[in-house]
Amino acid sequence: LSVMRWPEGHADEGKVLLTTFELDGVPFQALNGGPYFKFNEAMSQSIDCKTQEEVDYFWERLTEGGEPGQCSWLKDKFGVSWQVVPEQLPRLLQDPDRAKAGRVMSAMMQMGKIDIAKIEAAARG
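The sequence shown begins at 1 in my numbering and counts up by one.
Calculated directly from the structure, the hints in this document are not laboratory data. One should not assume that every hint holds.
[Stated by the list, open to error] Distance condition first, Cα-Cα at most 16 Å in a straight line; then the derived EDC-like pairs of lysine to aspartate or glutamate:
id : residue 1 : residue 2
1  : 113       : 24
2  : 77        : 97
3  : 113       : 64
4  : 50        : 120
[As the list claims (entries may be wrong)] Pair ranges (Cβ atoms, derived):
id : residue 1 : residue 2 : range
5  : 117       : 1         : 39 to 45 Å
6  : 44        : 16        : 18 to 24 Å
7  : 9         : 70        : 45 to 51 Å
8  : 32        : 121       : 43 to 49 Å
9  : 80        : 6         : 20 to 26 Å
10 : 99        : 71        : 33 to 39 Å
11 : 1         : 68        : 44 to 50 Å
12 : 97        : 43        : 30 to 36 Å
13 : 121       : 16        : 42 to 48 Å
14 : 109       : 4         : 40 to 46 Å
15 : 32        : 124       : 45 to 51 Å
16 : 20        : 117       : 39 to 45 Å
17 : 100       : 29        : 38 to 44 Å
18 : 121       : 94        : 25 to 31 Å
Values in this document were obtained by computation on a predicted structure and should not be read as measured data. We put the CB at the ideal spot given by N, CA and C, even for glycine.
Let the hints inform the model, and build the full structure from the sequences given.
Structure, rendered in structure tokens:
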């Protein structure tokens, strides 16, 4: 929606200082924090996926030049943390049957990229 740049005469003249943008109708602001403010896992983006194909697609694209992590987490090439989450996962982890939820949690803890068939199999016991 907008880009604010450092003004003339500043050491970073012309470089982006602040940008505002919208994702799926939600407004965001991003500050160019330079070397002072680093990305970390305290803030992550989450992508809800309906199918294994979507999980695979986003996982592969976002780990290009980045790092895969555990339990659906990864870092992209810019160091931004993401979670690529099948829509079934939160529901299964919050299932009232705590034994079922525990099996799903145990299966998830063994994964980086989530395998929907494996978490559903764990839920079934």
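Here's how the hints hold up against the structure:
Restraint check for residue 113 and residue 24: the C-alpha separation of about 24 Å exceeds 16 Å, so the hint is violated. A threshold of 16 Å between alpha carbons decides the hint, and for residue 77 with residue 97 the separation of about 39 Å lies outside it, so the pair is violated. With a CA separation close to 14 Å, the supplied pair residue 113 and residue 64 stays within the 16 Å bound. Between residue 50 and residue 120 the CA atoms are separated by roughly 14 Å; this keeps the pair inside 16 Å, and the hint holds.
In this structure, residue 117 and residue 1 meet the distance hint of 39 to 45 Å, their C-beta atoms being roughly 40 Å apart. For residue 44 paired with residue 16, a C-beta distance near 22 Å keeps the hint of 18 to 24 Å intact. Between residue 9 and residue 70 the beta carbons are some 47 Å apart, a value that agrees with the proposed interval 45 to 51 Å. Judged by the Cβ atoms, the range 43 to 49 Å given for residue 32 and residue 121 holds: they are separated by roughly 45 Å.
At roughly 22 Å, the beta-carbon separation of residue 80 and residue 6 lies within the given 20 to 26 Å, and the hint holds. A hinted range of 33 to 39 Å for the beta carbons of residue 99 and residue 71 is inconsistent with their spacing of about 20 Å. Range check, residue 1 to residue 68: about 32 Å between beta-carbon atoms, so the 44 to 50 Å window is missed. In this structure, residue 97 and residue 43 meet the distance hint of 30 to 36 Å, their C-beta atoms being roughly 32 Å apart.
At about 46 Å, the beta-carbon gap between residue 121 and residue 16 stays in the expected band of 42 to 48 Å. Our hint of 40 to 46 Å for residue 109 and residue 4 holds, since their Cβ atoms are close to 42 Å apart. About 48 Å separates the C-beta atoms of residue 32 and residue 124, a value consistent with the hinted range of 45 to 51 Å. Roughly 40 Å separates the CB atoms of residue 20 and residue 117, a value that falls within the hinted 39 to 45 Å.
Look at residue 100 against residue 29: about 40 Å separates their beta carbons, and that is inside 38 to 44 Å. Restraint check, residue 121 to residue 94: a C-beta distance of roughly 18 Å breaks the suggested window 25 to 31 Å.
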